[in-house]
Amino acid sequence: MDFDLMMTSFPKLLGATVVTLKLLSASLFFGLFLGLFFAILRLNKNIFISKFAYGYSYIFRGTPLLVQIFIIYFGLGQIEYLRTTFLWVILKEPYWCAIIAFTLNTGAYTSEILRSAFQTIKPGIIEAGKSLGISNKIIFYKIQIPIAIRQSLPAYGNEIILMMKGTSLASTVTLMDLTGVAKYIISTTFKPIEVFIVAGGIYLFMTFIIHNAIKYLEKKYSFQQ
Amino acid sequence: MELLAFGKTGWGDELFYATLMTIAVSITAMLVGFFFALIFTPLKLSKYKTLNLVGNFYTTVIRGVPELLVIYLFFFGGSGAIMYVASIFGYYEYIEINAFVTGSMAIGIISGAYSTEVFRGAIQSIDKGQFEAAKVLGINKFGQFYKIILPQMLRLAIPNLSNVWQITLKDTSLISVTGLVEIMRQSYIAAGSTRDPLFFYSFAAVLYLLLTYVSMKLINKLEVKYSRGY
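So the protein lines, in turn, are chains Y and E. Mind the numbering: the first sequence is residues 1 to 225 in this note's numbering, read in order. Mind the numbering: the second sequence is residues 1001 to 1230 in this note's numbering, read in order.
Source of the hints: derived by calculation from the structure; they are not laboratory data. Even for Gly, the Cβ is constructed at its ideal location relative to N, Cα and C. Among the clues, some could well be false.
What the hints assert, rightly or not - Derived BS3-like pairs: lysine-lysine, alpha-carbon spacing no greater than 27 Å straight-line:
#, chain 1, residue 1, chain 2, residue 2
1, E, Lys1049, Y, Lys215
2, Y, Lys12, Y, Lys215
3, Y, Lys191, Y, Lys137
4, Y, Lys51, E, Lys1217
5, Y, Lys51, E, Lys1049
What the hints assert, rightly or not - Covered stretches of chain Y, as calculated for chain E (at least 3 residues, CB under 8 Å):
#, region
6, 133-144
7, 172-183
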């Protein structure tokens, strides 16, 4: 065991954790909106719209995240037309490509989580709202969405942890996130176990925090108080 | 289409063999995972706190750390660890492990953590009366597990194991970083040499979709088979 290496690599890895957290929070933020949007499309009565939303989630859940990142980072740059639009400013940056890929990926999973949450809301609750003369729009925003969010908290907590692990793939498109820096240190020092313990410890610590935060929220917003 | 031609002109046969490699790695990893699950599930369900701790440590660490980091640990640390063990027995030559073994071990250990959780959940949801009845009939512990608990557990475990299979299948794409020529690595090579990444990575995505789709269909059949009588 090389404790010196562990001590010296810790601050470097901690600095890289900031990149990981930035990637995670940005993709979760955009992914939540995307997921909600596609969950609503899934529940649409029009079969084409709901099939479209299903196709989106099927494709992004059925392929590895690595393929998705590579298509966006290496693949889209190949289209000549894209290079002339303002989109190129975003797509030439690996940072934004990673965020786009993560957002699309987590959006697909989130849409499934939210859809099943919407479907488990008892019809009686919506009927009660209707009979009180509340408009459909307000029923949706004030009744259905809060209940769905509460219902989906445990599953969404798992999704956050999966996404946190997913951000490690950013290191494959040259980003120096926690895993990227860990790999760099391993490949220069050839001490994989020491670096794994430190980097893995940081990841585990984040998992621990997320897990407990979700548990706290579940308790806070539980129906039986 | 000519990019996908078989033979020397296209990448069709290369991608075909790469797909077979992905399937081979996934199945090996899944089996390695079952092996680990068979060790760690009893530990997690044990009466003894220390054994519980060992089981929980395994599933928590593996499920809380990115797959890529585990793969790097095996890739960079694998041959070192083997050489260390070999040096105890007096063998000091350089040993290189091939990418297939490293990859399926790494993915297998990850898959095993998920399988362990699935088995634990399935065993815990079996009615206690079944254990008691088996005990009363004087069946020994081994027979209890293999003849009574396992068949019932499989029915409950299959839907969740199919999720584990999907995760494992998709995780094999990460082994491409170690240089094993599976779908992802082959697409990377093809994309590099033809300068057509969009086509090859999209094609890789289609291959993965096909694999997940076909395996889902097969698993559904298995599910029907094990749910006979329910």
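Verification of the hints:
1. E:Lys1049 / Y:Lys215: Judged against 27 Å, a Cα distance of about 24 Å means the pair holds.
2. Y:Lys12 / Y:Lys215: violated, 31 Å
3. Y:Lys191 / Y:Lys137: Distance of about 58 Å is beyond 27 Å: violated.
4. Y:Lys51 / E:Lys1217: Given that 27 Å is the threshold and the Cα spacing comes to 20 Å, the pair holds.
5. Y:Lys51 / E:Lys1049: violated, 49 Å
6. 133-144: violated (count 0)
7. 172-183: The restraint on the region 172-183 of chain Y holds, since 4 of its residues have a Cβ under 8 Å from chain E and three suffice.
Hint violations for this structure: numbers 2, 3, 5 and 6, all remaining hints satisfied.
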